[in-house]
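Asker: Residue-level listing of the chains:
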Amino acid sequence: MITFEKVSKNYLGSPEILQNINLEILSGELVFVTGPSGAGKTTLLKLISALEKPSSGSIIFENQNLSQIKNKEVPLLRRRFGMIFQDHKLLYDRNCFGNVALPLEINNMSKTDINRRVRAALDKVSLLKKERMMPVTLSGGEQQRLAIARAIVSRPSILIADEPTANLDKEYAEEIMNIFYSFQQVGVTVIISTHEIPSTKINFKRFQLNGGSIQNLIGHVQLPS
Amino acid sequence: MMTIVIGITLCLPSAGLLLIENAGQISQNIEHEAEISIFLDKTVSKNQIDFIELSLKKNSLVKKIHFEPKLIAWEKLQTKLDVAVSSSVSANPLPDAFFISLNTLDEIKIQKLIDNLDGVDGIESVTVDGNWIKKLRIGLSLGKLSVFFIAALLIIVLLVVIGNTIRLQTLTYKDEIEVSKLIGATNAFIQRPFMYTGILYGLGGGIITISILKLSVFSLNVALIKLVSIFGTDIIFNDLPKRYYIYIIVLAMLIGLISSYISARNSIQRLKIYK
Numbered sequence: 001m002i003t004f005e006k007v008s009k010n011y012l013g014s015p016e017i018l019q020n021i022n023l024e025i026l027s028g029e030l031v032f033v034t035g036p037s038g039a040g041k042t043t044l045l046k047l048i049s050a051l052e053k054p055s056s057g058s059i060i061f062e063n064q065n066l067s068q069i070k071n072k073e074v075p076l077l078r079r080r081f082g083m084i085f086q087d088h089k090l091l092y093d094r095n096c097f098g099n100v101a102l103p104l105e106i107n108n109m110s111k112t113d114i115n116r117r118v119r120a121a122l123d124k125v126s127l128l129k130k131e132r133m134m135p136v137t138l139s140g141g142e143q144q145r146l147a148i149a150r151a152i153v154s155r156p157s158i159l160i161a162d163e164p165t166a167n168l169d170k171e172y173a174e175e176i177m178n179i180f181y182s183f184q185q186v187g188v189t190v191i192i193s194t195h196e197i198p199s200t201k202i203n204f205k206r207f208q209l210n211g212g213s214i215q216n217l218i219g220h221v222q223l224p225s
Numbered sequence: 226m227m228t229i230v231i232g233i234t235l236c237l238p239s240a241g242l243l244l245i246e247n248a249g250q251i252s253q254n255i256e257h258e259a260e261i262s263i264f265l266d267k268t269v270s271k272n273q274i275d276f277i278e279l280s281l282k283k284n285s286l287v288k289k290i291h292f293e294p295k296l297i298a299w300e301k302l303q304t305k306l307d308v309a310v311s312s313s314v315s316a317n318p319l320p321d322a323f324f325i326s327l328n329t330l331d332e333i334k335i336q337k338l339i340d341n342l343d344g345v346d347g348i349e350s351v352t353v354d355g356n357w358i359k360k361l362r363i364g365l366s367l368g369k370l371s372v373f374f375i376a377a378l379l380i381i382v383l384l385v386v387i388g389n390t391i392r393l394q395t396l397t398y399k400d401e402i403e404v405s406k407l408i409g410a411t412n413a414f415i416q417r418p419f420m421y422t423g424i425l426y427g428l429g430g431g432i433i434t435i436s437i438l439k440l441s442v443f444s445l446n447v448a449l450i451k452l453v454s455i456f457g458t459d460i461i462f463n464d465l466p467k468r469y470y471i472y473i474i475v476l477a478m479l480i481g482l483i484s485s486y487i488s489a490r491n492s493i494q495r496l497k498i499y500k
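Protein sequence lines, in the order shown, are assigned to chains A and B.
If you count the first sequence from 1, position 39 lands on 39 in our numbering, and the numbers rise without skipping.
If you count the second sequence from 1, position 108 lands on 333 in our numbering, and the numbers rise without skipping.
By construction, these hints were calculated from the structure, which means they are not laboratory data.
Treat the hints loosely; a few may be bogus.
As the list claims (entries may be wrong) - In silico lysine-lysine, DSSO-like type, Cα no more than 27 Å apart, as pairs:
1) B:K399 / A:K89
2) A:K70 / B:K399
3) A:K46 / B:K399
4) B:K289 / B:K334
5) B:K369 / B:K467
6) A:K111 / B:K399
7) B:K305 / B:K267
8) B:K399 / A:K72
9) A:K130 / A:K111
10) B:K399 / A:K53
11) A:K53 / A:K89
12) B:K369 / B:K399
13) A:K130 / B:K399
Could you build all of it, start to finish, from the sequences and the hints given here?
Answerer: See the structure below:
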């Protein structure tokens, strides 16, 4: 589904952040991208979600070469991903409902459909009762759940989360990860960058980044519960 | 605030147009033909008058002839000035006169006719009455050109001012624009609300312009009523034709739309996320 072929990435005047990356992510997999700070995890996720273009090499997503994608095709491509950012990127002048509705408004959906899907997404992350509240009134875990609701509301086939539990307590972190696992169980490809892999019974794939290269490509591993 | 700026800015060329339209009405109300006034010597005899009249009738350029005896002219003047007629008043200063309309506007032919009349015994002076109308019409053309030039400059100013306002708005909504782009919004989707804002600014501004113009015309006419009653004239300040008001609204909305489109597009493109 997603293939990296000799992908490198550097910014103007800087050393390479990613060097000669080769990897493959299949549909419906749970993938963890791990590594220390500055290893290139966020850059890797940006390349997957077409937020960045590689400096060299090619990224193939469902037979489409993202390295050669035209600018006008980029918005349509991004709608196929559900993005969860480390800093949430919630809109604080919109309430919870408004935040989750944004992707559907972009897709020009009818008000009836928007209403139905937003409420379903909020229900999935247990925030339905807070739909009229402003994000600033939510806790850290609730804000992250709201961000997840926005990411899933348009039913993407791929969820990409950049350190979604970085600033959360253990209790909230487990809650968030369980939500991701539940999506993976219904066939959604879930890609998560994290410092350390949380405990799970689900088979997953892990890419360990260090100094811009994938040092360990660890296959399916089942950790003890 | 922006609608007020647009409204007042567009008032200036609109008011200029209003003045020109009213001045143009004056020139249109006057017959579009050349007229000559022939003033006779005070000592001219009846035979000479008859001779001059016959000569004029024979001239192929002359369309209409009207003879006004000096006595009639004097009585008309006194009536107009509301001065009592008295036999003790000094002699009638006005001469007998012929007023002729020509069937040509050819300046060379008119000048030749004037030269011929100048040489005739009994004729004191000959004046062409149409000259001031030509000057008025030239003046009006220049006036219109000036109004359009000023309007063009003011439109450029408005484009810049509205564009700057929209640019600041895009900065205010920077976070929303960034998130929208990240989750797949096209630039056109993001631009649209700003363009609607520009159109609304224009609409509001156009309405303000029309309101100011209407109020001005009404106020002027209220003042002119007093003037009419004193001088016995029938001057009235005419409103612009309805279609001009539609043009003003459409122009204002176009200015808002174009300015906001350019500004929003440039601002949003600068917020490019995809590199």
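Asker: B:K369 and B:K399 were given as a pair; does the straight-line alpha-carbon distance stay at or below 27 Å?
Answerer: 44 Å, violated
Asker: Holds or violated: B:K369 and B:K467, Cα atoms, limit 27 Å.
Answerer: 19 Å, holds
Asker: Hint check: A:K70 vs B:K399, CA-CA at most 27 Å. Holds or violated?
Answerer: Holds, at roughly 24 Å.
Asker: Verify the proposed pairing of A:K130 with B:K399, using a straight-line Cα cut of 27 Å.
Answerer: Answer holds: A:K130 to B:K399 is near 26 Å, not above 27 Å.
Asker: Below or equal to 27 Å on CA atoms is what counts here, so check B:K289 against B:K334.
Answerer: 16 Å, holds
Asker: CA of A:K111 to CA of B:K399, is that 27 Å or under?
Answerer: 25 Å, holds
Asker: Mind checking the alpha carbons of B:K305 and B:K267 for me, to see if they're no more than 27 Å apart?
Answerer: At roughly 22 Å apart (the allowed maximum being 27 Å), B:K267 and B:K305 satisfy the hint.
Asker: Keeping to a limit of 27 Å between CA atoms, is the pair of B:K399 and A:K53 held or broken?
Answerer: Answer holds: B:K399 to A:K53 is near 23 Å, not above 27 Å.
Asker: Are the Cα positions of A:K130 and A:K111 separated by 27 Å at most?
Answerer: 19 Å, holds
Asker: Assess, step by step, whether the Cα of B:K399 is no farther than 27 Å from the Cα of A:K72, and give holds or violated.
Answerer: Holds - the C-alpha atoms of A:K72 and B:K399 are around 20 Å apart, at most 27 Å.
Asker: Does A:K89 lie within 27 Å of A:K53 when you go C-alpha to C-alpha?
Answerer: Measuring from Cα to Cα gives roughly 22 Å; hence the hint holds.
Asker: Verify the proposed pairing of B:K399 with A:K89, using a straight-line Cα cut of 27 Å.
Answerer: 12 Å, holds
The earlier numbered hint that this structure contradicts is number 12, and it is the only one.
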